[in-house]
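Here is what each chain is made of, one letter per residue.
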Amino acid sequence: MERKYLLGNEAIAHACLESGVDFVSGYPGTPSSEVIDTLRVQPDRSCYIEWSVNEKVALENALAAAWCGVRALCTMKHVGLNVAADPLMTSAYTGVTGGLVIMSADDPFAHSSQNEQDTRCYAHFARVPCFDPASVQEAHDMIRDAFLLSEEFGLPVIFRPTTRICHSKGDVELGPAVTSTRKGEFHKDPRQYVVIPAHTRILHKKLNEKQPAIRKRLVERGLNRFEVRGTAAIIASGIAASYVRELLPAGVSFMKIGAYPIDEEWLGDFVRKHEKILVIEELAPEVEECVRQVAGCVPVFGKKNGYAPYEGELSPASVAAIMEKAGFLQKNPYPPVQPVPDIPARPPILCAGCLHRSAFYAIKKVYKDAIYPSDIGCYTLGIQLGVVDTTICMGASITVASGIAHSGETRDVICTIGDSTFLHTGIQGLLNAVYNGANMTVVILDNRITAMTGHQPNPNTGVTACGVESPPVSLEALCRACGVTFVETIDPYDVTGMVNILQESKKREGVKVIIAKQMCVIMARRTGVKRGRYMVDTETCNGCGTCVRYGCPAIEFSDEKARITDLCNGCAVCADLCPTGAIVRGGKR
Amino acid sequence: MSSSFDILIVGIGGQGTILASNILGEACLIENRHILGAETHGMAQRGGSVESHIRIGGEHGPLIPPGQADLLISFDLLEALRYSHYLKPGKTMVINRDMVHPTSVFTHKLVVPDEEEVIAALKKFDLRLVDADELAIKAGSPLSQNVVMLGAASSAMPLKPESLLEAVKRLVPKKTIDINTKAFELGRKAGGPS
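Protein chains in written order, with my numbering: chain X, 1 to 589; chain U, 1 to 194.
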């Protein structure tokens, strides 16, 4: 036994090693990314690990490995499960022989996401078990249970931590890592693995027949448990159970839901022992709906009667307020306090020297009155520069652009998409736009890496998750193969060159692709690229503010003069833009 | 009710708040105490406002309720003001005497309070201002500012300074141990009760 202070995702990764995981795949997405990022740098790793190109691809790979009898883990964020929903739904029918754990990390409050969907609803929909940890230690401990349950019932198991598990820390009790001796072997069984109608009807029945035993097992394993302490009871799940535990008054009963499906008979027995029930859970009323089905005339307080919110993240303070409102707490121990008003916000911002900023600048200069669909990545921050009009889901920049272009909208349409997002789900949209004759420009913001989620490599990087060299894909050849005839690659730090190419694309009909290629500035710094800093010659600066409006965090303005701080990464774009030539190379790095 | 000692560390993405949290975690392991934390990862780190919750002796959730923190460490004056409602009145706030203006202040010409105004607004707390940049340079590297700040806050924490220093030595890159040891000690001298 060893005790370490770990991030939730690091503890989850370690638990997978303790379970002797054989096969790992996934697509990066906050808050899930650090699980594979931790596993892929382990020195004595015996398992296979890949960053897949998207979540559907990742899950199908992991499913196949589990069909071959080895233990597989597949990681993604909640919205990634939408992409992987197709294999998920039918994998519940085919089942698995080796354990398959699908980690889909939810993000209540959308700290880093486009929505607040609840993975537990997918588990319910697919009829597969789902684990919902309440703490970092529990997330660690549940991984073992998840693999065992998956193998016992021959079903994929969903593991659903939230941001406050993945990105929380704790002193975690760890077990020893295990080296697996399993070797994958595929046993042909078309009735199991070929889901033609005749087979799938039988498989669906088998899936349904497994459910009662799963419900019972989750109680037997102590994943769902209760303490009767009085006539009122609180039922909570996930991290909300930890918040309730902190506040629970003496004499109030407590039920903790750690896994689904919930055994309704067992739940009903508990509920009927009480005079009133409060249900506290984040996002969807998964537990509450179950409680209401068995409650009969016992009053239930929760989301459905306005005591708890359907959206956002819970916290100790909001849980205390819910408990007080529902009459489960006499006095709120956390009286509300007000933040100091009117402090200028400090949102995340594109880095000093980021290639996206200069690409956006050039786009805005040439396409002044245009529609700018965009996509998911660091460059979504281009909203601050007025060049992001839409973002919905991965790959939807190109498809939204072609939809707008075909709608009768007369303004130009120019969309932006990162290299990793293009390879994830952008290619099909491009193929479709060319095939159907859309009139639009696609700018691929090519920084050679999946930057936003923590710099994971992708097929464009030239290296795999485990550091093995691989042939980098040619984005140019890929676009040409889709039928695009105007494909130009340019360094976006060369603003003049980028403007010229954009002007050229503006004159042409059809789908045009511009690849704005420059290394992510964080990677450039890490790999030792030294560009030197720039500074403002205050004699020459006339205070016109052109550089300030460029929006670079390294540029400040005081006493009617611009100033460049030590955040400068030396991209030199501001020096290009300055009308008086006051920005010059200099200053030490 | 929680009996933990709750520390909020705030700053700007990239200033090293995560390492500071890891050092506190390691110090708790050394003293065989429980600890819980919650922090900002992902895109929010890109130059945005970041917060790291640390609960020494924490048993349940990792989040500190507003108004309940026992100690606040801020790497920036403006961030100290932004998160000041988290701290119990009268408790210690250790602040780096530096203010990075959000870029929106320049691009949208927003009004930002100056150092004197920030200090005046925080007068109900036990303020300890630290020139972390100057002390870090004195220690040998401007990158050791986060360790200066921990040193400065160490006298207000229920952890032994030896445990904190040992944790610093375990977690910083080997070739910077001497610099960071000096940074911790300079911070500790500067951050004593005023």
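The hints are simulated quantities; they were obtained by calculation from the structure and are not laboratory data. In this text, all values refer to a predicted model and were calculated from it rather than measured experimentally. Note that CB positions come from ideal geometry on N, CA and C, so glycine has one too. Check before you lean on any hint, since a few could be wrong.
[Unchecked claim] Which bits of chain U does chain X cover? Going by a derived footprint, with three or more residues having C-beta under 8 Å, they are:
1. 102 to 116
2. 143 to 156
[Said to hold, decoys possible] Computed beta-carbon distance windows for the label pairs:
3. U:155 with X:176: 35 to 41 Å
4. U:140 with X:341: 18 to 24 Å
5. X:4 with U:162: 17 to 23 Å
6. U:97 with X:542: 47 to 53 Å
7. U:141 with X:532: 52 to 58 Å
8. X:264 with U:112: 52 to 58 Å
9. U:174 with X:477: 42 to 48 Å
10. U:32 with X:269: 16 to 22 Å
11. X:586 with U:59: 25 to 31 Å
Okay, the hints, checked on the actual structure:
1. 102 to 116: Check passed, 10 qualifying residues.
2. 143 to 156: Check failed, 0 qualifying residues.
3. U:155 with X:176: 35 to 41 Å: 39 Å, holds
4. U:140 with X:341: 18 to 24 Å: 41 Å, violated
5. X:4 with U:162: 17 to 23 Å: 20 Å, holds
6. U:97 with X:542: 47 to 53 Å: Because 32 Å falls outside the window, the suggested range is violated.
7. U:141 with X:532: 52 to 58 Å: 20 Å, violated
8. X:264 with U:112: 52 to 58 Å: The hinted range 52 to 58 Å holds for residue 264 of chain X and residue 112 of chain U, with Cβ atoms some 57 Å apart.
9. U:174 with X:477: 42 to 48 Å: Taking Cβ atoms as reference, residue 174 of chain U and residue 477 of chain X lie about 45 Å apart, which means the hint holds.
10. U:32 with X:269: 16 to 22 Å: Violated, since residue 32 of chain U and residue 269 of chain X (Cβ atoms, about 41 Å apart) do not stay within the stated range.
11. X:586 with U:59: 25 to 31 Å: 55 Å, violated
Of the numbered hints stated above, those contradicted by the structure are hints 2, 4, 6, 7, 10, 11, listed in ascending order.
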